[in-house]
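Q: One-letter residues, chain by chain:
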Amino acid sequence: MCGIIGCAGRDGDTLDVLVEGLSKLEYRGYDSAGVALSGADLDVCKCAGKIADLRSAVENRDLAGSVGIGHTRWSTHGPPTDENAHPHLDCTGDVAVVHNGIIENYQSLRDELATAGHRFKSDTDTEVVPHLIEDALADGADPESAVREAVGRLDGSYAVAVVVAGVDTVFAARNDSPLVLGLGEDAYYLASDVPAFRDHTDRVVYIDDGEFARIDGDGWTVSDESGAVVEKPVDTVEWDPEETGKSGYDHFMLKEIHEQPRALRQCLQGRVDELGGQVDIGDLGTLNPVAVQFVACGTSYHAALYGAEMFREVGIPAQAFLASEYATSPPPIGDAFVVGVTQSGETADTLSALREAGRRGARTLAVTNVVGSTAARECDHVLYIRAGPEIGVAASKTFASQQAALNLLSLATTNVTDGREIIAALRDLPGDIQEILDDSRAREIAKRYRDADAYFFIGRGYNYPVALEGALKMKEITYEHAEGFAAGELKHGPLALVTENTPVFAVVTGDDERATKTVGNVKEVEARDAPVVAVTDGESDVERYADHVLEIPAQHPRTTAVTANVQLQLVAYHTAALLGRSIDKPRHLAKSVTVE
Amino acid sequence: MSVRTAVVLAAGEGTRLRPLTRNRPKPMLPAANRPILEHVFDALIAAGMERIVVVVGYKHDRVQEYFGPRYRDVPLTYVMQEKQLGSGHALLQARSAVDEPAVVLNGDRLIEAEMIHDVIAAFTDHDGTAALSVVERPDTRQYGAVSLRNGEIVEIVEKPDTDEYRLINGGVYAFDPGIFAAIADTPRQEGELALTDTIARLVERERVRGVKTGGMWVDATYPWDLLTVAREVLARGRTVEPEREPSVWVDENARVHESATLQPPVVVGPDCEVGPGTVVGPDAALGRNVTVGANTTVSRSVLDADTRADAGSTLLDTVTGQDVRIGAGSVVPGGRAEVCIDGRMFDDQHLGAVLADRVRADGCVSFAPGSLVGPSAHLHTGVHVSGQIDEGVEVVR
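Taken in sequence, the protein lines are chains Z and C. For the first sequence, the working numbering assigns the number 1 to the initial residue and increments by one for each residue that follows. For the second sequence, the working numbering assigns the number 1 to the initial residue and increments by one for each residue that follows.
Keep in mind the hints are simulated off the structure, nothing from the lab. Watch out, some of these pointers could steer you wrong.
What the hints assert, rightly or not - Below, a list of computed lysine-lysine pairs in the DSS-like style, where the Cα atoms sit at most 30 Å apart:
1) Z:246 with Z:447
2) Z:50 with Z:121
3) Z:246 with C:159
4) C:59 with Z:246
5) Z:447 with C:159
6) Z:523 with Z:475
7) C:59 with C:159
8) C:83 with Z:447
In this text the structure is predicted, and so the values were computed from the model without any measurement.
With the rest of the complex left out, here is chain Z (with noise of 0.2 Å):
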């Protein structure tokens, strides 16, 4: 889990750019970073810690060179040390390679390395890259021949860049990682993802896997493993990089809350015509599939439980995996469409479960908001959420933006209800999140809990997601100990845990039987002297149980099942800043997990 970067022809100023870019691709991964600049000689320097600290460690160093690159760590192999930090070098020094991925046959390579004499500094699997291409070079292979034969040994998943000393090219390659080029003028970039560069150009080539790169002063070049040139098409990127900033919030995470009303806008733009009752989502359309299976990791697994639901009320047999299960033990697939739900597009776990169902033959959609996503471009389909870049590592207006376009993909997939009264509801989602943003009491009920025990959350239906994604908002911002469980699973376990230290958060929507339900499970929770923080549209009585009420507009099931959850981000992100946490950057966690 790593963020990389390179750069060719800059005028003197490649360093910044690397660390700038690098900035950009923190939320990768933030553990330790590093830099190599190639000139006449090879400057390296690399530190643990975020990326302002190679900031500080690289101002009192003169490094310069005409081609570079970077690299942002997330650990896998080793802790996160000064040495363990990318870029890694040959015994030469002469040969510096940043990384992302995990190369599954490393410990082989490195035993056969060592026996023949190299050193080896770091804990990592990438240091193999760097000596088996200094073996190479010492063959008498030129610089490039040399990236490809030791890639060529490389099993696992990589995108790798390299410089050689000496040499004002930086060579690239990838498998199962992203990498992207940019195109500037008399410039050009790589990295993991476009924000890296974003400030120089919007021209942007994915390199797809297998395939080898290289950049210089005087252009691009995509070449196969054969070394043969592949004609790549140039796309045009359309996010402003300014977008990424915080616009005066103290936390991404509290802008990117506050931007769901423009994010789910965006989402439905053109999409839905509520007088005519038609959803319009291209060739989705006509899929008609005769059973959904969802796969996703995470927040957007809860996503895709929603999702499963809402094929399940019109009849359609849908379930959600967990991606890393399906991918190692897939279920029957049968004539089942598979669907799955990546922020990113470049969830390893969820590509694995993908070309798992990919090849066992069934069609294959992807929910994603990146465009040209690995995801994006290795399913059949491709329903974008669109809700702009999200930084804050926990997601938040993506969980909306996906509930959304998940709403879409059923309306326009299944032909069994009238679509006016759902398309109604989420035309007026904007409008509803607005109000709980303007009103929302959350942050009193952070203040009032911020030192329990614990935190549960409950929910039946389309709820039961809702209260997984609470919990897990909770756990990943506070560092506190939270568990969502669907209502009626409380008495068959979870219940022993529940004391008057463990507030209990109860989603209770409309007034039907599974309100009432509920609504049953929340005066078991009560009868244990719990506080009950009851999050509602206030249709059902369970307001007369519970201690707090945290109020939605009243809605259909679907989009309230939206509006709670903002409620909840709500409190979570309340309850982290009350804490001290580093909310948009939580320990341990990176915002796309490109390794299973």
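Here the structure of chain Z is known, so what remains is to put chain C in place on it, guided by the hints.
A: Then chain C, alone, in the frame of chain Z:
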């Protein structure tokens, strides 16, 4: 010397516009179907500004969320005025963000780019430390009156009680960075720092240029003024939506049924839906994501974002806040009325009704001319509303 930086004061609530300011500051209220502040930014950009510092305070989230870090490629820097202690105090908050000459103006008044141009020219040509715009008004008693001699301000008086003045302070200034020290040195009046107090001190000591300008200079003081503002904006075509027919502006992401009639001037914002048989206009502005059901009439009205008017409603001379729901068959017949606000009577105002954010009118609700309904009030089916309804009140038959 050119001026490329502007400071926009957008921290005040605008209490006289209550109840519309319950959830956002006055600069975010709609001028037709875009916030007043957006029109101010447009004028600044037309006048060549390359950086805009926005002083925010009351409900600042709304400003920051709406505009984000830049507007039309011009970077926005937000500075916070925690307590609203006057216009001078507001400008002082921008001190750390500005170390160059800058244009200063209010974020709640619609003006022309020429006014900004003229003030900058007066400032740079005469090498002054300050320049301000001057506007001619028949009655100056509600404003800051000024006297101008040979392009120089010789006197500035807040709300004079005589009618001998003909000119007022237009509220657009250009200053050198010395203004911050001058504000800091100005004695506070009842804890507040008014920018005009500082200017009055400058007038006594050094040259302050004044420049007379014309053109649009529109301000909303009371809620019904938003109808006048919308009319000005539409008359001048200050819209961003494509012009489908003369003075009919419709966003490309709006859906207007083929049997609906749009009477110019009218603007329909993004994501709107307008049902069959419905008439919208003249002088009507629909904000983002507004829904107008079948056979509904909306004329001389401003419906702000996310508002719904269901089938068979009639809305004349109506101002709604955001996310207002007007049930089927509701009627605002419009016309002239006596409006009472904060114990003050305003005779003969052209006002159908003002419905603040998230008012819910279930259906067949009728509104007497001049009704003011507070935020989130719930009007049950069939009620007749008149006068002032407070926030959150339930009205039943």
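Q: All the hints need checking, so say for each whether the structure fits it.
A: Cross-check of the supplied hints:
1. Z:246 with Z:447: Holds, because 24 Å separates the two Cα atoms, which is no more than 30 Å.
2. Z:50 with Z:121: Measuring from Cα to Cα gives roughly 21 Å; hence the hint holds.
3. Z:246 with C:159: Given that 30 Å is the threshold and the Cα spacing comes to 41 Å, the pair is violated.
4. C:59 with Z:246: holds (17 Å)
5. Z:447 with C:159: violated (46 Å)
6. Z:523 with Z:475: Between residue 523 (chain Z) and residue 475 (chain Z) the Cα gap is close to 25 Å, so the pair holds against 30 Å.
7. C:59 with C:159: holds (28 Å)
8. C:83 with Z:447: holds (24 Å)
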